[in-house]
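Protein chains: 2
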Amino acid sequence: MLIPRREVDFQVYEVLDAGRLCEQPRYADHDRDVFDGVLDAAYRIAAERFLPFAALADLQEPRFVDGRVEMIPQTREALAALNESSFIAAPFDAADGGLQVPMTVAQACSAVFASANVGFHAYAMLTAGAANVILAFGSEEQKRLYARPMLAGRYFGTMCLSETHAGSSLADVRTIAMPQQDGSYRITGNKMWISGGEHDLAENIVHLVLARVPGGPAGVRGISLFIVPRRRIRPDGSFGEWNDVALAGVNHKMGWRGTVNTVLSFGERGDCAGYLVGEEHRGLAYMFRLMNEARIGVGVCAVGLGLAGYRVSLEYARERLQGRPIGDKDPASPPVPIIRHADVRRMLLAQKAWTEGGLALVLYCARLVDDMAVATDDVARGRAGQLLELLTPVAKSWPSEFCLEANKLAIQVLGGYGYTRDYPVERLYRDNRLNHIHEGAYGIHGLDVLGRKLPQHGGAGWAELAERMLRTAEQAGSIPALAPFARSLAVATRRFEAVTRVLLGTAGSGRAELALANATLYLEALGHLTVAWRWLDSARVAQRALQDASGSDADFYQGKLAACRYFFRYELPRTEPLLSLLESLDDTTVTLHETWL
Amino acid sequence: MLIPRREVDFQVYEVLDAGRLCEQPRYADHDRDVFDGVLDAAYRIAAERFLPFAALADLQEPRFVDGRVEMIPQTREALAALNESSFIAAPFDAADGGLQVPMTVAQACSAVFASANVGFHAYAMLTAGAANVILAFGSEEQKRLYARPMLAGRYFGTMCLSETHAGSSLADVRTIAMPQQDGSYRITGNKMWISGGEHDLAENIVHLVLARVPGGPAGVRGISLFIVPRRRIRPDGSFGEWNDVALAGVNHKMGWRGTVNTVLSFGERGDCAGYLVGEEHRGLAYMFRLMNEARIGVGVCAVGLGLAGYRVSLEYARERLQGRPIGDKDPASPPVPIIRHADVRRMLLAQKAWTEGGLALVLYCARLVDDMAVATDDVARGRAGQLLELLTPVAKSWPSEFCLEANKLAIQVLGGYGYTRDYPVERLYRDNRLNHIHEGAYGIHGLDVLGRKLPQHGGAGWAELAERMLRTAEQAGSIPALAPFARSLAVATRRFEAVTRVLLGTAGSGRAELALANATLYLEALGHLTVAWRWLDSARVAQRALQDASGSDADFYQGKLAACRYFFRYELPRTEPLLSLLESLDDTTVTLHETWL
Chain Y
1 MLIPRREVDF QVYEVLDAGR LCEQPRYADH DRDVFDGVLD AAYRIAAERF LPFAALADLQ
61 EPRFVDGRVE MIPQTREALA ALNESSFIAA PFDAADGGLQ VPMTVAQACS AVFASANVGF
121 HAYAMLTAGA ANVILAFGSE EQKRLYARPM LAGRYFGTMC LSETHAGSSL ADVRTIAMPQ
181 QDGSYRITGN KMWISGGEHD LAENIVHLVL ARVPGGPAGV RGISLFIVPR RRIRPDGSFG
241 EWNDVALAGV NHKMGWRGTV NTVLSFGERG DCAGYLVGEE HRGLAYMFRL MNEARIGVGV
301 CAVGLGLAGY RVSLEYARER LQGRPIGDKD PASPPVPIIR HADVRRMLLA QKAWTEGGLA
361 LVLYCARLVD DMAVATDDVA RGRAGQLLEL LTPVAKSWPS EFCLEANKLA IQVLGGYGYT
421 RDYPVERLYR DNRLNHIHEG AYGIHGLDVL GRKLPQHGGA GWAELAERML RTAEQAGSIP
481 ALAPFARSLA VATRRFEAVT RVLLGTAGSG RAELALANAT LYLEALGHLT VAWRWLDSAR
541 VAQRALQDAS GSDADFYQGK LAACRYFFRY ELPRTEPLLS LLESLDDTTV TLHETWL
Chain R
1 MLIPRREVDF QVYEVLDAGR LCEQPRYADH DRDVFDGVLD AAYRIAAERF LPFAALADLQ
61 EPRFVDGRVE MIPQTREALA ALNESSFIAA PFDAADGGLQ VPMTVAQACS AVFASANVGF
121 HAYAMLTAGA ANVILAFGSE EQKRLYARPM LAGRYFGTMC LSETHAGSSL ADVRTIAMPQ
181 QDGSYRITGN KMWISGGEHD LAENIVHLVL ARVPGGPAGV RGISLFIVPR RRIRPDGSFG
241 EWNDVALAGV NHKMGWRGTV NTVLSFGERG DCAGYLVGEE HRGLAYMFRL MNEARIGVGV
301 CAVGLGLAGY RVSLEYARER LQGRPIGDKD PASPPVPIIR HADVRRMLLA QKAWTEGGLA
361 LVLYCARLVD DMAVATDDVA RGRAGQLLEL LTPVAKSWPS EFCLEANKLA IQVLGGYGYT
421 RDYPVERLYR DNRLNHIHEG AYGIHGLDVL GRKLPQHGGA GWAELAERML RTAEQAGSIP
481 ALAPFARSLA VATRRFEAVT RVLLGTAGSG RAELALANAT LYLEALGHLT VAWRWLDSAR
541 VAQRALQDAS GSDADFYQGK LAACRYFFRY ELPRTEPLLS LLESLDDTTV TLHETWL
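Note that the protein sequences, when read in sequence, are chains Y and R.
Heads up, the first sequence is in our numbering, so the first residue is 1 and it goes up one at a time.
Heads up, the second sequence is in our numbering, so the first residue is 1 and it goes up one at a time.
The hints are simulated quantities; they were obtained by calculation from the structure and are not laboratory data.
Keep in mind that a hint or two might mislead.
As the list makes no split between identical chains, a pair holds if one copy fits it or if it spans any two.
Distance condition first, Cα-Cα at most 20 Å in a straight line; then the derived SDA-like pairs of lysine to any residue [unchecked claim]:
| no. | residue 1 | residue 2 |
| --- | --- | --- |
| 1 | K329 | G222 |
| 2 | K329 | V220 |
| 3 | K329 | G508 |
| 4 | K329 | L170 |
| 5 | K143 | R174 |
| 6 | K143 | R231 |
| 7 | K329 | L514 |
| 8 | K143 | A95 |
| 9 | K143 | R569 |
| 10 | K143 | G278 |
| 11 | K329 | S169 |
| 12 | K143 | P235 |
| 13 | K143 | P484 |
| 14 | K329 | A166 |
| 15 | K329 | R340 |
| 16 | K329 | I339 |
Treat the numbers as computed from the prediction; the structure is a model and nothing was measured.
Hey, can you work out the whole structure from these sequences and the hints?
Structure, rendered in structure tokens:
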């Protein structure tokens with residue numbers, strides 16, 4: 001099921017106040033009607049072109065036939081509809097051929113597409129990400145020849161980082177780029193886990209490939225970024241010959257089967273042309289631009305899948321009659337909808353708190369992108385940027401964990417039916433399991449947040465986050481119903497800061513391995529803290545709006561308050577054992593001998 | 001992969017001291033060599049007949065063709081091998097045609113089979129369970145005609161409880177049993193989720209069917225239990241005509257595909273004969289005998305799947321080279337096996353602690369069955385029985401949660417590879433997701449443990465458990481390396497008891513809905529407490545054995561101590577937020593309006 005529009009409107013307009021963005025010159029041509037129109041179009045396409053084929057795309061996954069990929073035709077039709085409405089171009093600058101829609105609105109649309117059919121959505125997500133890199137770092141000619149057709153949906157993009165022996169460790173990339181007389185490079189190597197690596201959904205595929213120019217430094221400092229088109233493009237934009245990129249295989253995944261995932265071979269015939277983006281040896285820095293965006297995109301997908309499962313299980317729980325309330329001992333009394341049972345409500349509230357909290361988190365990050373775009377001074381832009389850097393691994397990882405757990409509970413609400421392929425919840429669960437793996441595994445993001453994002457810029461990212469959390473706690477503290485939660489958030493923020501100080505101090509005194517040993521758990525705790533903050537802020541908005549609300553609107557706001565209560569009572573307290581463990585600098589994993597396992 | 005034999009031997013012989021059972025008259029004909037021989041046979045069959053076909057059974061799931069079920073022929077061959085070695089008969093009394101092997105050993109074999117191929121194993125598990133009910137409550141003729149051939153593996157069994165509208169709520173079973181002049185009954189109705197409901201793996205299928213005799217009480221007090229053979233059996237044991245049981249459909253599941261799961265229609269032609277087991281209206285009590293055994297069996301399966309994933313991911317982590325230790329900034333240094341990375345070790349230790357702890361738990365329950373069988377007085381038998389009743393929902397549910405989480409981490413250790421169908425971990429994860437659903441959903445067991453098992457017999461089950469836990473804490477307290485964990489266990493036991501008192505007091509004062517609202521979380525906490533106890537006991541045994549151990553044996557015991565440390569430092573502290581929530585009698589789910597969701 002799709003994310004309810006009411007939910008999207010609440011975060012976009014009421015919590016994040018996207019309407020006020022139109023007061024800024026960048027969005028002065030837009031107003032709320034425009035944003036609503038974009039959302040309307042996304043819902044229409046998601047409902048008509050994406051959702052009806054999600055089960056089919058899972059059942060008939062892409063196949064490797066005679067060196068090509070075959071897939072169901074509805075994939076192409078859905079993406080054509082997406083491009084008719086220019087969704088790939090939506091958040092890009094008008095100067096680049098984009099629609100200059102705020103990222104807050106664009107990511108809300110992405111969440112809707114992901115809730116409908118994440119496998120189809122991925123092609124658009126990858127294309128936007130790749131185009132963004134070329135627009136940021138490519139030459140004017142590269143922008144014209146590659147990025148513009150990508151925004152128009154004529155060409156699709158990929159990101160080619162991993163190799164069979166190197167997934168998390170990009171330092172070990174072996175693909176070679178040999179400089180040629182004409183300024184191009186000759187690419188040789190294999191790439192693994194390439195989503196959208198081969199298909200005929202678009203006129204061309206633009207691979208962004210990490211490779212080494214011989215003679216460069218070892219490790220990540222010797223990686224360069226290349227544009228490798230599936231079909232070569234002549235300077236006038238017309239197609240040249242096919243480039244030497246071969247499909248070596250198709251990976252068969254547990255889920256997310258609507259997106260083809262490939263093994264690609266570059267330069268098997270010695271004739272694969274690649275075009276350097278920016279300067280040599282700076283490829284990883286460029287690629288991080290794409291990856292950071294893609295990471296928030298992964299969080300958005302996890303949230304979409306989680307919300308879809310929540311809505312399916314909620315509908316089921318309202319309709320499925322079974323059992324009687326506790327205390328009703330009369331077997332002749334009629335069975336009640338299972339939503340009456342406390343444990344089913346707990347499972348629904350947990351899903352609501354995780355998935356709507358996840359949506360609040362990822363759209364907040366999207367709003368930070370918009371804040372950076374409209375900032376009139378470097379200080380404001382810097383603050384938003386540093387906070388975004390800190391929150392990117394959180395926005396990627398926390399939904400990947402807890403929206404997967406939400407899908408687990410969605411299955412549980414449906415019972416045996418949920419375990420069958422007759423209902424979508426098992427597919428959503430399978431799809432969501434990927435999110436902790438692609439675009440950086442969970443453990444990598446733990447190291448990133450504790451080992452890099454926290455200390456960098458003199459801790460400016462955390463300082464900004466703590467300031468914003470305490471400000472929200474102060475605002476909410478004046479509302480009686482929220483005051484206890486406001487206190488909890490303030491206490492938890494201080495506590496988190498104290499533990500962080502211990503860890504950074506330990507890392508700084510030469511014991512980095514010990515300090516970072518439980519970085520994944522640190523990231524989990526930071527995620528819970530951040531989402532608690534987003535819930536308190538959402539509840540503050542809901543409490544205010546409730547005063548003038550009635551009917552289903554009042555129910556909606558009451559639901560926000562209930563989910564906030566759930567999060568502060570059931571979820572935030574789970575961080576304390578994690579923080580205690582982190583503070584103790586536990587050495588269980590560090591002192592472990594491998595032979596003991 | 002199979003559970004390592006060393007692991008099974010440790011729990012069976014060193015912790016649970018199954019060898020001493022041979023001092024009892026019941027097992028006087030056996031000795032450790034006999035038990036070893038049984039285990040040897042299980043490992044051989046599991047390695048040769050089960051494991052090699054687990055992936056195939058998943059890929060080519062049973063199909064509904066012309067009213068019959070088609071499945072891969074290796075299913076039949078594996079079960080034939082199982083029966084040649086009399087595994088179904090293993091734990092049954094010699095007087096009933098069994099081998100009188102202790103349940104501790106028999107369940108260890110089951111865990112091995114489940115780790116190899118849970119889909120094949122389920123047929124044997126169901127057959128043993130059904131035979132057990134007939135032996136316990138059936139007539140002599142029923143034992144002769146049905147149970148004996150089941151022990152011999154000639155007939156397979158099923159349990160037919162659920163109907164499409166009634167899974168968790170057996171009070172709403174509608175299938176009718178109409179008494180006939182000859183003492184038999186005519187059965188009419190449909191049953192849902194029937195594993196092993198139709199196949200040609202055995203000469204016959206013996207369905208145990210819950211149905212209502214007209215005129216009986218409403219609800220569960222009006223349910224009777226019937227033997228409904230697929231083919232009727234004449235008094236001399238020869239086959240009569242086919243009974244009127246029709247296959248109405250096959251369910252398509254996310255996992256556990258090696259076991260066919262069916263919809264059955266009884267009496268479509270008005271000619272389905274059923275034979276009453278025991279007395280009318282007492283069927284649910286009889287079926288609970290099967291269900292309680294099946295519930296521990298489900299825990300065993302969850303553990304087998306969890307351990308299999310752990311071993312696959314451990315082997316992968318030892319071999320996969322990627323990344324460098326923290327602090328090694330030289331990209332020219334060779335990559336290390338990923339087992340060197342702290343986060344990978346954490347994921348491996350978590351899997352080890354959950355899955356080996358799960359094995360310790362379920363085999364402890366099996367040992368309680370043996371203790372009951374050899375008890376020479378009613379007091380000892382009663383104590384073991386009451387403890388087993390309390391631990392049955394724990395042994396079913398805790399592994400279903402945490403061995404599934406272990407499988408989730410096994411996928412994570414393998415990264416992208418783990419998400420493909422080229423490695424078994426994604427299948428194990430899909431298989432394991434069923435265990436929280438069948439044989440009573442998680443929430444049902446929460447209500448069972450807090451609403452029934454705790455208060456019954458004047459709280460004798462808990463008293464026995466607390467006494468045993470405190471005794472272990474006392475024993476381990478004298479070992480310096482374990483003393484801190486012994487104190488933690490004692491404190492946690494007292495704390496758990498205090499919270500339990502609050503909840504039972506609340507339930508007793510007419511606020512049962514509030515007291516039971518978070519019963520599932522109570523069960524989770526009880527599971528963590530119980531497994532912490534089993535870890536401390538295992539560590540106590542390991543610490544003692546370590547003094548004389550060397551080489552791989554010393555490593556094995558050190559691994560037990562490390563996993564115990566992990567459990568007490570990372571896992572047991574997670575119970576405190578749950579207990580605080582329970583103690584606060586939180587009403588978030590109870591006061592929730594359905595319209596707010």
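Checked hints:
With identical chains, the CA atoms of K329 and G222 are at most 20 Å apart between copies only, with a shortest distance of 14 Å across copies and 73 Å within one. Within a single copy, K329 and V220 get their C-alpha atoms only as close as 68 Å, which misses the 20 Å cut-off; across copies the closest is 11 Å, which meets it. Within a single copy, K329 and G508 get their C-alpha atoms only as close as 63 Å, which misses the 20 Å cut-off; across copies the closest is 16 Å, which meets it. Taking the shortest alpha-carbon separations for K329 and L170, only the inter-copy value of 14 Å comes in at or below 20 Å, while the best intra-copy value is 63 Å.
Within a single copy, K143 and R174 get their C-alpha atoms no closer than 27 Å, and across copies no closer than 69 Å, so neither meets the 20 Å cut-off. For the homomeric pair K143 and R231, the shortest alpha-carbon distance inside one copy (16 Å) is at most 20 Å, but the shortest distance between copies (74 Å) is not. In the homo-oligomer, the alpha carbons of K329 and L514 lie at most 20 Å apart only across protomers (17 Å), although the nearest pairing inside one protomer, at 56 Å, exceeds that limit. With identical chains, the CA atoms of K143 and A95 are at most 20 Å apart within one copy only, with a shortest distance of 11 Å there and 84 Å across copies.
In the homo-oligomer, the alpha carbons of K143 and R569 never lie at most 20 Å apart, since the shortest distance is 51 Å inside one protomer and 54 Å across protomers. In this assembly of identical chains, K143 and G278 lie within 20 Å of each other by CA distance solely inside one copy; the values are 12 Å within and 81 Å between copies. With identical chains, the CA atoms of K329 and S169 are at most 20 Å apart between copies only, with a shortest distance of 13 Å across copies and 61 Å within one. In this assembly of identical chains, the alpha carbons of K143 and P235 lie at most 20 Å apart only when taken from the same copy (12 Å versus 86 Å across copies).
In this assembly of identical chains, the alpha carbons of K143 and P484 never lie at most 20 Å apart, being 53 Å within a copy and 64 Å across copies at closest. Proximity of K329 and A166 under a CA criterion of 20 Å is satisfied inter-copy only: 17 Å between copies versus 61 Å inside one chain copy. For the identical chains of this complex, K329 and R340 are intra-copy neighbours only, at 15 Å inside a copy versus 57 Å across copies, given an alpha-carbon limit of 20 Å. In this assembly of identical chains, the alpha carbons of K329 and I339 lie at most 20 Å apart only when taken from the same copy (19 Å versus 55 Å across copies).
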